[in-house]
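Colleague: Sequence:
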Amino acid sequence: MLKGVIFDLDGVITDTAGYHFQAWAALAKELGIEIDEEFNEKLKGVSRMESLEAILKHGNRENDFTKEEKEALATKKNDHYKELIKNITKKDILPGIEKLLQELKENNIKIALGSASKNAPVILKQLEIEEYFDYVVDANQIKNSKPAPDIFIDGLKGLELKPEEAVGVEDAEAGIEAIHGAGMIAIGVGVKGDVNVSSTEELTYDVILRASQAC
Numbered sequence: 000m001l002k003g004v005i006f007d008l009d010g011v012i013t014d015t016a017g018y019h020f021q022a023w024a025a026l027a028k029e030l031g032i033e034i035d036e037e038f039n040e041k042l043k044g045v046s047r048m049e050s051l052e053a054i055l056k057h058g059n060r061e062n063d064f065t066k067e068e069k070e071a072l073a074t075k076k077n078d079h080y081k082e083l084i085k086n087i088t089k090k091d092i093l094p095g096i097e098k099l100l101q102e103l104k105e106n107n108i109k110i111a112l113g114s115a116s117k118n119a120p121v122i123l124k125q126l127e128i129e130e131y132f133d134y135v136v137d138a139n140q141i142k143n144s145k146p147a148p149d150i151f152i153d154g155l156k157g158l159e160l161k162p163e164e165a166v167g168v169e170d171a172e173a174g175i176e177a178i179h180g181a182g183m184i185a186i187g188v189g190v191k192g193d194v195n196v197s198s199t200e201e202l203t204y205d206v207i208l209r210a211s212q213a214c
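Just so you know, the sequence shown maps onto residues 0 to 214 in numbering that gives the first Met the number 0.
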């Protein structure tokens with residue numbers, strides 16, 4: 000029986016990938032590294048430090064910085080990103096998502112956010128939808144980021160649910176793998192899961208309910 004849904008943030012609730020790209024591209028350029036939007040796809044669902052490591056490796060500079068210097072670079076990127084996301088408003092909620100959150104609430108389905116983003120609570124507040132969420136995973140407390148299942152395992156604990164009582168929704172392969180690692184059914188938005196939709200407009204309460212019953 001479906002009792003909960005754990006959502007990813009970027010690409011599912013809203014799309015901040017463009018802001019991440021702008022911030023990473025600016026930092027990379029300072030370091031003499033060029034990245035494009037295709038490369039940025041590899042950073043979806045990946046932690047900040049792992050994203051930085053991928054960029055440094057891409058530019059053959061992975062051994063040029065100390066751990067402290069890398070942390071400073073990651074902080075610099077995040078500060079830039081936080082300035083950019085100040086522009087996010089309710090209009091940036093992806094199509095169909097707020098209606099879905101309302102339907103889940105009306106049917107007493109618990110809702111959690113399972114995002115690697117440490118800025119997730121701020122973004123939910125700016126989108127004016129934080130009241131829908133019963134639990135938000137604290138990315139600062141998660142040891143291993145996606146594709147490790149830690150985020151979704153924590154989401155289940157926060158909702159006090161078993162894996163078979165909830166489904167996860169993701170738009171990245173690393174996220175789908177993380178959902179499966181937590182023992183849950185995965186719904187993929189534009190990516191292959193147990194059940195697939197091409198966009199958030201197709202992600203309805205009925206689709207989620209059928210997915211939980213069919214798998």
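Hints in this document: simulated from the structure, not taken from any laboratory. Do not take every clue at face value.
[Unchecked claim] In silico DSS-like cross-links for lysine-lysine, where the CA-CA straight-line distance does not exceed 30 Å: (1) K81 - K69; (2) K66 - K89; (3) K69 - K28; (4) K41 - K66; (5) K161 - K117; (6) K69 - K98; (7) K117 - K191; (8) K41 - K56; (9) K56 - K89; (10) K41 - K156; (11) K85 - K98; (12) K56 - K98; (13) K104 - K28; (14) K69 - K104; (15) K161 - K75; (16) K85 - K28; (17) K156 - K56.
Colleague: Now tell me if each hint is right for this structure.
Modeller: Each hint tested on the structure:
no.	hint	result
1	K81 - K69	holds, 18 Å
2	K66 - K89	violated, 37 Å
3	K69 - K28	holds, 15 Å
4	K41 - K66	holds, 22 Å
5	K161 - K117	holds, 25 Å
6	K69 - K98	violated, 41 Å
7	K117 - K191	holds, 26 Å
8	K41 - K56	holds, 13 Å
9	K56 - K89	violated, 36 Å
10	K41 - K156	holds, 28 Å
11	K85 - K98	holds, 24 Å
12	K56 - K98	violated, 41 Å
13	K104 - K28	violated, 44 Å
14	K69 - K104	violated, 42 Å
15	K161 - K75	violated, 39 Å
16	K85 - K28	holds, 23 Å
17	K156 - K56	violated, 35 Å
The structure shown violates the earlier hints numbered 2, 6, 9, 12, 13, 14, 15 and 17.
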